[in-house]
Every structure is written in C-alpha cells, then in structure tokens.
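2 protein chains.
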Amino acid sequence: MNRDVTDEAASKEMDTSMCMSPSHDHNPENLPYVHKVGVPRRQNLLKQFTASVKETFFAGNPFQPFKGQSRLGKFVLALQAVFPIVGWGKDYNLARFKGDLIAGLTIASLCIPQDIGYAKLANLPPQNGLYTSFVPPLIYAFMGSSRDIAIGPVAVVSLLLGSLLQKEIDPVKDALEYRRLAFTATFFAGITQFTLGFFRLGFLIDFLSHAAIVGFMGGAAITIALQQLKGLLGISNFTRKTDIVSVMRSVWGTIHHGWNWQTMAIGISFLAFLLLAKHIGKKNKKLFWVPAIAPMVCVILSTFLVYITHADKHGVQIVRHIKKGINPPSFKEIYFTGKYFGKGFRIGVLSGMIGLTEAIAIGRTFAAVKDYHLDGNKEMVALGTMNVVGSMTSCYVATGSFSRSAVNFMAGCNTAMSNIVMSCVVFLTLEFMTSLFKYTPNAILASIIISAVVGLIDVEAVSLLWKIDKFDFVACMGAFFGVIFASVEIGLLIAVSISFAKILLQVTRPRTALLGNLPGTAVYRNILQYPEAKKVPGILIVRVDSAIYFSNSNYIKERILRWLTDEEEQLKKKGLPTIQYLVVEMSPVTDIDTSGIHAFEELYRSLQKRDVQLLLANPGPVVVNKLHASKIATLIGESKIFLSVADAVRYVPKTEEP
Amino acid sequence: MNRDVTDEAASKEMDTSMCMSPSHDHNPENLPYVHKVGVPRRQNLLKQFTASVKETFFAGNPFQPFKGQSRLGKFVLALQAVFPIVGWGKDYNLARFKGDLIAGLTIASLCIPQDIGYAKLANLPPQNGLYTSFVPPLIYAFMGSSRDIAIGPVAVVSLLLGSLLQKEIDPVKDALEYRRLAFTATFFAGITQFTLGFFRLGFLIDFLSHAAIVGFMGGAAITIALQQLKGLLGISNFTRKTDIVSVMRSVWGTIHHGWNWQTMAIGISFLAFLLLAKHIGKKNKKLFWVPAIAPMVCVILSTFLVYITHADKHGVQIVRHIKKGINPPSFKEIYFTGKYFGKGFRIGVLSGMIGLTEAIAIGRTFAAVKDYHLDGNKEMVALGTMNVVGSMTSCYVATGSFSRSAVNFMAGCNTAMSNIVMSCVVFLTLEFMTSLFKYTPNAILASIIISAVVGLIDVEAVSLLWKIDKFDFVACMGAFFGVIFASVEIGLLIAVSISFAKILLQVTRPRTALLGNLPGTAVYRNILQYPEAKKVPGILIVRVDSAIYFSNSNYIKERILRWLTDEEEQLKKKGLPTIQYLVVEMSPVTDIDTSGIHAFEELYRSLQKRDVQLLLANPGPVVVNKLHASKIATLIGESKIFLSVADAVRYVPKTEEP
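Chains A and B supply the protein sequences, listed in that same order.
My numbering numbers the first residue of the first sequence as 1 and each following residue consecutively.
My numbering numbers the first residue of the second sequence as 1001 and each following residue consecutively.
If you're looking for bench data, these hints aren't it; they were derived computationally from the structure.
Watch out, some of these pointers could steer you wrong.
Unchecked claim - Lysine-lysine pairs mimicking DSBU-like chemistry, simulated, CA-CA at most 35 Å apart:
1. A:K609 / B:K1054
2. A:K47 / B:K1470
3. B:K1282 / A:K631
4. B:K1535 / A:K535
5. B:K1609 / A:K470
6. A:K90 / B:K1573
7. B:K1534 / A:K609
8. B:K1574 / A:K535
9. B:K1534 / A:K572
10. B:K1572 / A:K54
11. A:K535 / B:K1631
12. B:K1324 / A:K67
13. A:K47 / B:K1467
14. A:K534 / B:K1631
15. B:K1609 / A:K534
16. A:K640 / B:K1054
17. A:K631 / B:K1286
18. A:K631 / B:K1370
19. B:K1631 / A:K573
20. B:K1609 / B:K1640
21. B:K1640 / A:K54
22. A:K74 / B:K1573
23. A:K467 / B:K1047
24. B:K1036 / A:K534
25. A:K47 / B:K1574
26. B:K1609 / A:K54
27. B:K1535 / A:K534
28. B:K1609 / A:K278
29. B:K1282 / A:K74
Unchecked claim - Which bits of chain B does chain A cover? Going by a derived footprint, with three or more residues having C-beta under 8 Å, they are:
30. 1313-1323
31. 1337-1345
Stated by the list, open to error - Part of the chain B face toward chain A, derived, beta carbon under 8 Å:
32. A1211
33. S1463
34. L1493
35. V1496
36. S1497
37. S1499
38. I1503
39. Y1530
40. S1551
Even glycine gets a Cβ: it sits at the ideal position worked out from N, Cα and C.
Using the sequences and the hints given, assemble the complete structure.
In structure tokens:
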C-alpha cells in the first residue's frame, strides 16, 4: 500500500516536471526519468593531477592576486607575501599606533616576569627567557600575518624542551653543553616549522585533534604547576621527574626539614593576590589590565620586601643575577655534527611541532574573531624563520602565548606593531634594568607561572567534549593522564595515537544506513532517524556513507550483504515477500578505488546468486567515471544506475510485486 | 525564472503530499514542510559504546547463533567455531571425498617440488620445505574455514624470510643458528596472526591496499625469478643481495667462467616445457591438470636423465640429500631470550603479516566465487595456530599459496580435506621417497619456481589500476620498483606509506561540491556532473562530502568560505545580486566531532559578518544529536535546519529577491 503512495506521489511529481520541461522527449513507459545520471567528460590526466595538487597544497590559492599584474606589481605582491608588514605598514597611522602602544606595554609588563620563570622551566638562565622575548617578536612582526598573537617563550614548550633536554645533558653540571643543545633544538624547531610551511604541509598539524590538545595542555599545566611547588615551598632537593607521583613524593618527603616558611608566606600570599586579580579580570572584561599588570606589581613589591627584610639571608631563594645586555650571538654554539646533532634534531622537531600547534591555534582563534584570513603555511614560515634567527641569537623556542595573546587582543592591539613595542621594552630591560631583579624571590616567579598556567586548564571545553563526542573525551583524558602520570612525551604520544586511531576507525568502519520513504514525498531517509519513514516492500535501500577505498571496501560489501540477510530473515519470520531489489544509495560515496570496484563486482555476483538485482542511485562524478572505466557499469547494466533513489524505486516494475 | 520553476514544482509536490497525508496538521504559511528533521532519542552511553565496539570488532556478529541454545548446543557451536571440521565433517560423504582426493593428489604433486625449491629461497634445507607442507595443512584442515585454500610454504614469504634472516645470520656458516632464528621468526609470525585474529584486529591488514599488493607481488616475483638465474645458469658465486642491479652484475660478471652449459640446457628446456604446460592450462580450463602435474613430471624426467648421464659429474648441481623421516620437534630451538629473540620477533611479525595478507586475499577470493562467508578473524586464529605448531615441528612460515589454491579449486576440492590428502602424500614422501630426489638437478627446481612465480605478475590488474585510479597505479609502481631496485622490505615500506598517504589525503582534503537544481524537479545535484543543473539566485548550495573531523574541519570551513568568495566575485563581475543564503547540504556528513562543531560556529560567525544566512540541509542522526548537544543548533536556529535542500530553498522568502 505504501508503495502505491510513493508511486503516486512520484508520478505526480513526474507529471509536474514533464509539463515544466516539455522540450525533453522521452517515452514515459520505458524511460520515466527527466534527467539521466551525468557522466562528466574525463579530464586530461595532467589537469586532474595539477588540480588535485593545487587543492591539497595550495588550498587558499595564494597565487591568484599575482595574475594580470605588472612586474613591479608582482614584486610588491611577493614582498608583501613574505613581509606582510609592507602591506599593513602603508596604511598605518597614529590612531592604530595608540592601540598597539598600550597593548605592547601591557604584554611587556606581563612577559618580563613570565620570561624569567619560563627560562627556569627550560633549565636555562633567566636572561635567555628575556632574549627570547626580544629577537623573535621583532622578526615575527615583519613576517607574520596574525594581528593579535603575542610572541615569546611559553610555559608548555619550555617544560617540554626542559624535560627532553635534561634527559640528555645535566643542566647544572654541564650548563654550557646544555645551552648549546638547547640552541641546536631551537634551530631545528625553526627549520621544521619553516619546512612544513614552505612545502605547504601545514595540514599535518591538523592531525593533533582539538580534544587531544585540550587534554595535553591541561596535563602540562598541572605538571608545570606541580613543578612550581619547589619554588613556592622553598624546597632545595627536588626531583627531576615531572610525573605527579614522583613530584608529590618529593614534596611530602621534605615536609619536615625542606620547606621554608618565609618563602611559603611570600609565595602563597602573592599567589592569592594574582588569582584574585585574575578573578577580577574575568568578572569585568574592562578590568583586563588588572591581571595583566599584577605580575609586575608582585615582582616590584616582593623584590622591595626581600631587599628591606633581608629575607634572602633566611633561606628565601632569589634570582640573584641576570646578565646585562642584549642577546649575544650563538650561531657557533649550535651542534651541526656529533652525537648531539641527532638529539638536538629530534628534540627540535618535537618542540617545533608543539610550538606550531599552539601558535596556529591562537592565530586561527583571533583571526576568526576579527574575521580576517590567516594562511597557516605562511604563518609557519614566519614562525620558523624567527626561531632559526632566535637560535643564532641565544634564544630558545618561541611561539605564540595563549595568555599574552588574549591580553594583547583585549588591550586593543591593531597590528603586529604591539610585538615591536613589547620587544623594545624588553630591550630596555635587558640594557638597563636587569640588576633590579636581583632580589626578586623565586617564589614570586613560581606564583606567576602557576597563575598563568591555570588558564590552560579548560574545564568547560572538557565538559563540552563529554557532551558532544565521547571519543574526543577519551582522547582528551588519555593525553591529560599521560602527561600527568608519565611524562610530556608519553602524553603527546597517547594524544597522537588516539587521534590516529579515530581516523583509522573512520576509514575502516564507515556507517551505512537503511533508508525508507517519507510518506507523501519522493524523499528517502535513514529509518533510524525518521521513524515515520517506510520501507518499500521487495526493495532494500542501503546508503553507504563514505568514499569506498581499500581500507573499507571489504567491510562495506559484507555490511551490505549482512543488511540483506538480516532483512530477509525478518521478512521470512513475518511471512512477507522477500527482497528482489537492492538499491545502493551512493550520494555520499565521493570516490572509489580499484579495491572498491572489486568489492562491487563481488557484491554484484553474490546478489546474482541470491536472485537479487543491484540498482545504484546517484553516484558522483568521480564514481561514475570509474564505474565506466572499469566496465562494471556494463556488468551491472547502464540502465540500473539512477539519478536518485526515487527513480530507482520507480524503475521496479509493479508486476513483480506479489 | 528558474526559482519559480523550482518553487512551483516544489509546491505541487507539496500539494500532492498534503492530499496523501491528511493527518498532518500544519499551517502551510509558516511551516510548509511535511517532515521535520528527525532528532533521534539519545542512546544510553553504555549501549552506544557496546554497539560501536560490536560493529568495529564483531562486525559479523559471531555470537548470534549462540542465542537461545542449550548448554550442549552452545558447546557444540563453540567447538564448531574453533574447529569448523566438526561442522562440515557431519555431512561429509564419499562423493565429496572423491573431489577432495583428486584435488589433494594434484596439489601434492605440485607442492613437493615447489617445497624443495622454496626452502632454498629461505636458505633452509629441502626437508624443511616438505615439513612445512605436512604439519601446517593438517592443523589448518581442522581449524580453517576456507574450503579452497592450499596451505604450505610460498614463494614470496620464503624470499622475505630468507632475505631478512640472512641479514642477521649467515645461513651457510652458522646453519644451526640460522635455522633456530627461522623457527623463532615462525613462532612469532604465528603469535602475531593468532593475536590479530583473537583480538579481532583483522581489519588492520586491510591497510595494505590491493594496488600495493599487486605491485609488491609483481616485484617479489621478478626478484625471485632473478634469484633463480643462479640455479638455472649453474652459477656458484652468486650475490646475496636481491636488488636487480646487484643480481644482474653477478650474472654478467660470471658469463665467461661461471655458467654451466649442461645445467643451462636442462634448466631452460624444462622451463620451456613448464611454460608451455601453463599456456595449455590457461587456454583450456579443462586441462588445468597439465600445468599441475608438469613440475612432478619434470622432476622425474630430469632426475632420471641426470642419473643415467652422470651429469652431476659435469658440474650440474643436484639436490644430493633430503633428510628422511617426518618433522623432528624444534620447540627447544626457538630463541626465547638473548639478542636473537628481538630479531626473531621483528622478522616474525613482518612475515606473519605478509603471510596473512596473502592467505586472507586467497580465502576471500574463493569464498566470493563459491559464495560462502569467511570470517577473516577466525581464519587468522587458524593460520596463527598452525604456524605456532609449525615452529615447534621444524616448519617455517606457511600460508595459503595462490597457484596451488587455484589448482585445488579447479581440481574440484570440496572441503579442507584436500589439504589432509596432500599432507598424507607429503608424509609418505618424507618417510619413503626422499632418496629418490638425490639426483634431481637444482636447475629444475629453479625452472619450477620461475614458472610458478610468473603467475604473480598481474599485468591485467596493473592496466586496470591505471585505467581506474591513478593514485592506486602510483602505489602499485612504488611497491614494484621498491622491491626490484631496493629490497623486499623497502618495497613493503613504500607500499604501506603510499597506502597511508592516500588515507591521510582522504581525511584531510575531503571533496565539496556546488549544487544546482535539476530543472523541473526538486533534486539538487553537483553542477560539474550535471551541466543542466541551475544555480538558485541569491542562494549558494554547498555539499560537504565527508564526516567532519579535526583532521578536516578547518579545511572544510575555509573551503566553504572560498566557494562563497569566488561566487560573489563572479556575481559582482556580472552585476548580479549577491548571495544572501548559504545552504550546506549535509547528507554525506555522517559524523562531526568537537573540532567540527567549532568550525561550524566559526563559519556561522564569519557568515554573519558578511550578512549571509546559514541554512543546513539533512544532517544525519549523529550530527543532529551533536548539533543539539553543543547548543549550536540554537545558535544557528532550529528553524534553519531542513530535511532537504529543496525545503531549505523553499524557506527563502521570495520577497527578498530583487
């Protein structure tokens, strides 16, 4: 009965269409379709190849503006492509500079104490942190295209670099070699970033899923915060390991004779102040500058306090010495041979990738907010160049900082000029003010780092992951616990593995669905989603929801046959007529390879043995071409390939119904 | 004008549907749709999880028959699941045995000379080849579910094993250690196969694409044939390397003083005979037994010839000695500790995987021809068990042989009983006839191997690859040249890498298409495939052809925006009205993860800035659920999610048109 409804509706629709397009001459008896399945003309092989390379590597079509330009125009465009500052510099004015100046000064006040603390995380002297906030931001300002990112050392990369480097060289005993290896790693981090961008392989970083990053960042934040207990409690004998078990054992083991109450008093009270400032900034977005300048205020207050109370004589550890003057060259310190070359390379690739992930995520976020386009590959070239130059000027791996970029944005930055302003402030600090930090207690740096990394723990995002996608949640938790209980690398490995497992699942076990007719229409939909959809007697309609490739062709074939077997068993139980036609709805099948073609051939033969006819509905252009190239279209029968499921159902002769 | 046609057609279809389903009460003014987008009830988390685990690992639903069975019934079913022989043994009869006997005798006559030759390829004594055709086929006959596969040593695995093993141990100098490592590798090959099957990870072997296998097999066949030049030309100093350059240098270097003309005469004349037999068998399928028994005939004739002419005194190398008696135990020879443990493990995993790939491919092929179901995972358990037992009884890695399985099939085998018959013949040979092979010339073994591996070069498949899918062709050629010019492992590595690259491309750069309305229908199709499809003024319809995951979410967002920008530019040039609505057709989008949700949120905001409204058409059940869970459905507006593109287009008020 349902079939009748469908047919009637369909034929009415057909009638309609017939009056609409009287030019089509067709015989309604034999060929009741207005449109045939389109077989696109096969493209030239070279054309096809270039088109696909273009889409893969030059998705943004970066060469389009060059078309039809004069030589000079092309040169200016090329210059602008490499140095976006040439582009925005032309229209730069005082109004814009005002915003950039305020933003630059704000992030400078935030970055100076952070830099000193992050350098400690990387087991490097404090000045190296400051160096990293001087040269790289300058380079980036010329080459980068993000308007909001704030460049410099960041907590997670510092931790990763520090924990990887200290496995190779002892940072205290062999300080010089350690620093050399750090520069080597920085150099190769830059080379990695540059290479990925230059060869337009930027899409590779998309393989670290959002979920994995959330978990990794959260885990790293907790690990970093735990490391700060050393400074905050004034413990001198602290473990080198980063996992929570070792750290907590180290902390509790020293409770009776290792904690320093003066240090604790300073550290904890200022931490409370910083967290309060953060809370204020969150409550009232206009007071964003409160948490931004709070760290500098803490540093000034606490330094003054220690200086007048001589607390350093009572076991409160202080920064003591920051080398004066700007970045010394370090090109000669990079290992280009020897056993540390390979190690530096490996560490560099890893920290370069993490740095990239962070910077691109930040860049994209703010680009979306302000709605400007960000070419990820161009960004990578800029980040790579700045790290290569950085490695030759005593900097370690720099990237975009989440917290400082947010402050930069809220302070009203307009262009990368704010990075130049920040860079100038750091320059002045290095030249004239390093001695002021002598009495700054380490506990303050620990509090500043803790209050900074707290923001990396994104509970809201985790709860959203749980709500939306359980698999993402598992990936997130895997990365999180991996970082906390094992190490940063293990956490990263877990994150990448789970991300990959998801991709593998996607390509090996695609979904399929049984379709039914929505009463009164020519529309066929998943019967699980639309309970009102009715199956058509004698016809089984299966939709395959993926490209059919070697990785899933066999599964798809077997799944379709299983649908058929299950359905026939049910029909038999109910004493209903069996299936005579199997319609495969191929709209979602965007591509098919030789394995897929073979699978269809096998499916066809299996169906023949069961006396079931195979009909195909709406294969896409690529699929149609390949069905024809492989002669399988002839095997199945050209006349059994339809524009839509409705057409295929209409094709089934009524007389065959019982 | 086109819009009018669509609308008219649509409204007529609507009218039709209204008369069809008078029970639906709706107001045609506000809600002109019969069916709303279905929001399936969210499933219980545990249920969802088990369902997805079941679909991933237990796709064939192997536990279904157990339902509602008595305890005894369950026991019998379980026994049958592990030992399919219990199942088919019940109905076994004389008529079936007749077929199996003939098939078994035929493959036995083919396998005995092949075994001796393949053992040479693996640098093992000839008896080990025969051992491998005795125990493993017996085990398989009890546990395997393929009815046509012929088990034993095969050329490609022998070559792979031999070339991997001789890198670790010299097979001539340290023959005992070499053999022990071979058994170790065999043991771990079996463990690998068993583990994959037991944990139902069998889908992993699907990652070696059909194209890659064709190339790999072809390359291996040529490499094996080249190796046989040693035996065929009677060269004594032959290179250990397998790449074509080294081998040809070795061959030409010995042309003046290393070739033995008697050997060549025997070898080449019998090779010609074998190839002729093969040709006859191919021409007339009924004469399949000609190439099947030809090798045995060759062995008998040539052995007799050498015996009476004393050709072995003139430099014709002969087999000399095959140890009499069946397999000695070798459990104690397996390395479970020491440096060879790790190496044996690695080699075992690799050769186990290759053996698996070959056996499963054969099993599937014949299962499809005879239309019976083959559970890949159960097969792996059977293959794994047989290799583990084999490693303890002096066998090396056994698997299904392409050539012998085809003969088995053509000779009319009905069940795995033919393997038992073959096994018995090999048993008799080992016990009573080994001395008969003393004078068999090595050249004959070389000819037999060459004529066997020629069948692995599948030119037809390669030309099909070229026709259907250029990427597959590249993968095939990569594997082929990798094996020929570098080594078997390099070829395998290339094959796997290219297969993976294809998967990565698939998941990072999914296709998108612009849709247009087919005049006179409510159907929307790709305008590139259907040139008659007309764009709807003011509306851009984009179809996304893939699940939206972290690996492609960003690309998809940017690609949609690029479609919009390109289209608007074109419209501007022509002076036509701009786009006001963007319809995303989501039928092919089967799933979306948190990254995808974020991308849609960003897309929505970008569109808002451009004054373009976002409409969604036909999201699937999973996507609809996640859109709701993430509140993005509320952001976009529930009323802007439609059942179909036609509905979405109908929604756009006509008054907004110019």
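Each hint, compared with the structure:
1. At most 35 Å may separate the alpha-carbon atoms for a hinted pair to count; K609 of chain A and K1054 of chain B meet this at roughly 28 Å.
2. For the given pair, K47 of chain A sits about 13 Å from K1470 of chain B by alpha-carbon distance, which is consistent with the 35 Å threshold.
3. With a C-alpha separation of about 23 Å, the suggested pair K1282 of chain B and K631 of chain A falls inside the 35 Å cut-off, and the hint holds.
4. Between K1535 of chain B and K535 of chain A the CA atoms are separated by roughly 32 Å; this keeps the pair inside 35 Å, and the hint holds.
5. Between the alpha carbons of K1609 of chain B and K470 of chain A the distance comes to roughly 32 Å, so the proposed pair stays at or under 35 Å and holds.
6. With a C-alpha separation of about 28 Å, the suggested pairing of K90 of chain A with K1573 of chain B holds against the 35 Å cut-off.
7. Only pairs whose Cα atoms come within 35 Å are accepted, and K1534 of chain B paired with K609 of chain A is rejected, the gap being roughly 42 Å.
8. A C-alpha spacing of about 47 Å is found between K1574 of chain B and K535 of chain A, which places the hinted pair above 35 Å, so the restraint is violated.
9. Proximity of K1534 of chain B to K572 of chain A is assessed by CA-CA distance (about 46 Å); at most 35 Å being required, the pair is judged violated.
10. Between K1572 of chain B and K54 of chain A the CA atoms are separated by roughly 25 Å; this keeps the pair inside 35 Å, and the hint holds.
11. Simply put, K535 of chain A and K1631 of chain B have alpha-carbon atoms about 32 Å apart, close enough for the 35 Å limit, and the pair holds.
12. Between the alpha carbons of K1324 of chain B and K67 of chain A the distance comes to roughly 80 Å, so the proposed pair goes past 35 Å and is violated.
13. The suggested pairing of K47 of chain A with K1467 of chain B holds, with an alpha-carbon distance near 16 Å, which does not exceed 35 Å.
14. As the CA atoms of K534 of chain A and K1631 of chain B are separated by approximately 30 Å, the hinted pair is consistent with the 35 Å bound.
15. Restraint check for K1609 of chain B and K534 of chain A: the C-alpha separation of about 42 Å exceeds 35 Å, so the hint is violated.
16. The straight-line distance between the Cα atoms of K640 of chain A and K1054 of chain B is roughly 34 Å, inside the 35 Å bound, and the hint therefore holds.
17. Of the pairs offered as hints, the one joining K631 of chain A and K1286 of chain B holds, with about 27 Å between alpha carbons and a cut-off of 35 Å not exceeded.
18. As the CA atoms of K631 of chain A and K1370 of chain B are separated by approximately 23 Å, the hinted pair is consistent with the 35 Å bound.
19. For the given pair, K1631 of chain B sits about 43 Å from K573 of chain A by alpha-carbon distance, which is inconsistent with the 35 Å threshold.
20. A C-alpha spacing of about 18 Å is found between K1609 of chain B and K1640 of chain B, which places the hinted pair at or below 35 Å, so the restraint holds.
21. At roughly 34 Å between alpha-carbon atoms, K1640 of chain B and K54 of chain A fall within 35 Å of each other, so this suggested pair holds.
22. For the given pair, K74 of chain A sits about 23 Å from K1573 of chain B by alpha-carbon distance, which is consistent with the 35 Å threshold.
23. The straight-line distance between the Cα atoms of K467 of chain A and K1047 of chain B is roughly 16 Å, inside the 35 Å bound, and the hint therefore holds.
24. Distance check on the hinted pair: K1036 of chain B and K534 of chain A sit about 15 Å apart at the alpha-carbon level, within 35 Å; holds.
25. Between K47 of chain A and K1574 of chain B the alpha-carbon distance is near 27 Å, which keeps this suggested pair within the 35 Å criterion.
26. Between K1609 of chain B and K54 of chain A the CA atoms are separated by roughly 28 Å; this keeps the pair inside 35 Å, and the hint holds.
27. A distance of roughly 32 Å separates the Cα atoms of K1535 of chain B and K534 of chain A; the hinted pair therefore holds under the 35 Å criterion.
28. Of the pairs offered as hints, the one joining K1609 of chain B and K278 of chain A holds, with about 31 Å between alpha carbons and a cut-off of 35 Å not exceeded.
29. Between K1282 of chain B and K74 of chain A the alpha-carbon distance is near 64 Å, which puts this suggested pair outside the 35 Å criterion.
30. For the region 1313-1323 of chain B, the stated coverage by chain A is not satisfied: 0 residues place a CB nearer than 8 Å to a CB of that chain, which falls below the threshold of 3.
31. Residue count for the region 1337-1345 of chain B with a Cβ under 8 Å from a Cβ of chain A: 0. That is fewer than the three needed, and the coverage hint is violated.
32. Because the beta carbon of A1211 of chain B sits about 6 Å from the nearest beta carbon in chain A, less than 8 Å, this interface hint is met.
33. The beta carbon of S1463 of chain B comes no nearer than 11 Å to any beta carbon in chain A, farther than 8 Å, and the hint placing it at the interface is violated.
34. Violation of the interface hint for L1493 of chain B is found here, the shortest Cβ-Cβ separation to chain A being roughly 17 Å, above the 8 Å cut-off.
35. Using the Cβ-Cβ criterion of 8 Å, the hint placing V1496 of chain B at the interface with chain A is not satisfied: the shortest such distance is roughly 12 Å.
36. For S1497 of chain B, the shortest C-beta to C-beta distance to chain A is roughly 14 Å, which exceeds 8 Å, and the interface hint is violated.
37. Interface restraint check: S1499 of chain B against chain A, minimum CB-CB distance 7 Å, threshold 8 Å, status holds.
38. The interface hint given for I1503 of chain B holds, since its Cβ lies 5 Å from the closest Cβ of chain A, which is under the 8 Å cut-off.
39. Taking 8 Å as the C-beta cut-off, the interface hint given for Y1530 of chain B holds, the closest approach to chain A being about 4 Å.
40. With its C-beta approaching chain A no nearer than about 5 Å, S1551 of chain B sits inside the 8 Å limit, and its interface hint holds.
Comparing the model with each earlier hint shows violations of hints 7, 8, 9, 12, 15, 19, 29, 30, 31, 33, 34, 35 and 36; every other hint is respected.
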